[in-house]
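When we follow the working numbering, the leftmost residue of the sequence shown carries the number 11, and every step to the right adds one.
Where hints are given, some of them may not hold.
DSSO-like cross-link-like pairs, simulated, lysine-lysine; straight-line CA separation at most 30 Å [stated by the list, open to error]:
hint : residue 1 : residue 2
1    : Lys187    : Lys61
2    : Lys111    : Lys177
3    : Lys124    : Lys74
4    : Lys286    : Lys136
5    : Lys111    : Lys286
6    : Lys104    : Lys142
7    : Lys286    : Lys302
8    : Lys187    : Lys104
9    : Lys222    : Lys242
10   : Lys222    : Lys247
11   : Lys177    : Lys320
The hints are simulated quantities; they were obtained by calculation from the structure and are not laboratory data. All values derive from a computational prediction rather than experimental measurement.
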Amino acid sequence: MALTVVLLNSASLRGRCCRHNFLHPLIGPLLSDSMSKLYSSYRRPGSQPEKKPSWKSVDLSFKKSFDVLKTQLNLLKEESKEHLIGPGGHPWSKYLLEQTKVVWEFRSQEDLNKWVISSDVEIGGKSEVYLKLGRNNQGALLYGTLNTEVPRDGETKYSGYCSMRAKPLVGSFARRKYYDWSNFNSLYLRVRGDGRAWMVNIYTDPYFSHQKDDLYNYFMFTRGGPYWEEIKIPFSKFFLSSRGRVQDNQHPLWLDKASFLWALAICTLGFTIGDKIDGPFQLEIDFIGLLKDRAHTEEFAYELYEMNPKV
Numbered sequence: 011m012a013l014t015v016v017l018l019n020s021a022s023l024r025g026r027c028c029r030h031n032f033l034h035p036l037i038g039p040l041l042s043d044s045m046s047k048l049y050s051s052y053r054r055p056g057s058q059p060e061k062k063p064s065w066k067s068v069d070l071s072f073k074k075s076f077d078v079l080k081t082q083l084n085l086l087k088e089e090s091k092e093h094l095i096g097p098g099g100h101p102w103s104k105y106l107l108e109q110t111k112v113v114w115e116f117r118s119q120e121d122l123n124k125w126v127i128s129s130d131v132e133i134g135g136k137s138e139v140y141l142k143l144g145r146n147n148q149g150a151l152l153y154g155t156l157n158t159e160v161p162r163d164g165e166t167k168y169s170g171y172c173s174m175r176a177k178p179l180v181g182s183f184a185r186r187k188y189y190d191w192s193n194f195n196s197l198y199l200r201v202r203g204d205g206r207a208w209m210v211n212i213y214t215d216p217y218f219s220h221q222k223d224d225l226y227n228y229f230m231f232t233r234g235g236p237y238w239e240e241i242k243i244p245f246s247k248f249f250l251s252s253r254g255r256v257q258d259n260q261h262p263l264w265l266d267k268a269s270f271l272w273a274l275a276i277c278t279l280g281f282t283i284g285d286k287i288d289g290p291f292q293l294e295i296d297f298i299g300l301l302k303d304r305a306h307t308e309e310f311a312y313e314l315y316e317m318n319p320k321v
């Protein structure tokens, strides 16, 4: 047991998690939602900060803590078994010959629970977004209304967006897990839209705090109509942006979860609509997968600038 704790603690440090992140699964039921409030940095302009300290929300329940400990140990046992078999619990022979892979599909409410939706309501906007299962439980239906009216708070200048984002992977004892897509070179989707343009976002887990808003983006244009369409987006087409601005210093998306000690490992994926057109929108998603296209040999589609060129 002591050896297990030491290994998990070292893995937590490698993942740049603090000690409280390692203990969080054990004391999570005690702290309820006080931890999320502690790390929430955004507050609407003009709103008053909470006067009640977070430590006053502690709910001492040791029975829940022991139940959580038992659950986390079972998860650790399953992860150890998968690790001994091969990457992702698959044998190496299957992993190396894999050409396609479905990462997310939508067939039940449990599949929808892996995603979260958000809109400009968080900053005082009036856009609405909803997520539900499609007809015959085939696919996810993301719909709502886009409203570009700017909140009258004196600080917000732009509004009008809705998004859908997958929840990050979490391993046993709240260890952060990352996707390893190094065996593929393209993102493959089956969708049915209403003719509006969407932004596909790939979120990374940065090492430095000033990179927390970095995203890899590419556009997805839906054609509308009653027919499904299959879209293939090579990873070489994704460009780097931060807070909605395309960066001059571009570099390819690293698909390996162990790249630079998880400095820019893939954390999750999402979709955003913000085309400044008021009105209803709709997007159906059947599945989101990966494809290894041997005909695609491009490494990166954009120019790479040398930041400090030699004179």
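Each hint tested on the structure:
no. : hint             : verdict
1   : Lys187 to Lys61  : violated, 35 Å
2   : Lys111 to Lys177 : holds, 19 Å
3   : Lys124 to Lys74  : holds, 23 Å
4   : Lys286 to Lys136 : holds, 13 Å
5   : Lys111 to Lys286 : violated, 34 Å
6   : Lys104 to Lys142 : violated, 34 Å
7   : Lys286 to Lys302 : violated, 35 Å
8   : Lys187 to Lys104 : holds, 21 Å
9   : Lys222 to Lys242 : holds, 27 Å
10  : Lys222 to Lys247 : holds, 21 Å
11  : Lys177 to Lys320 : violated, 43 Å
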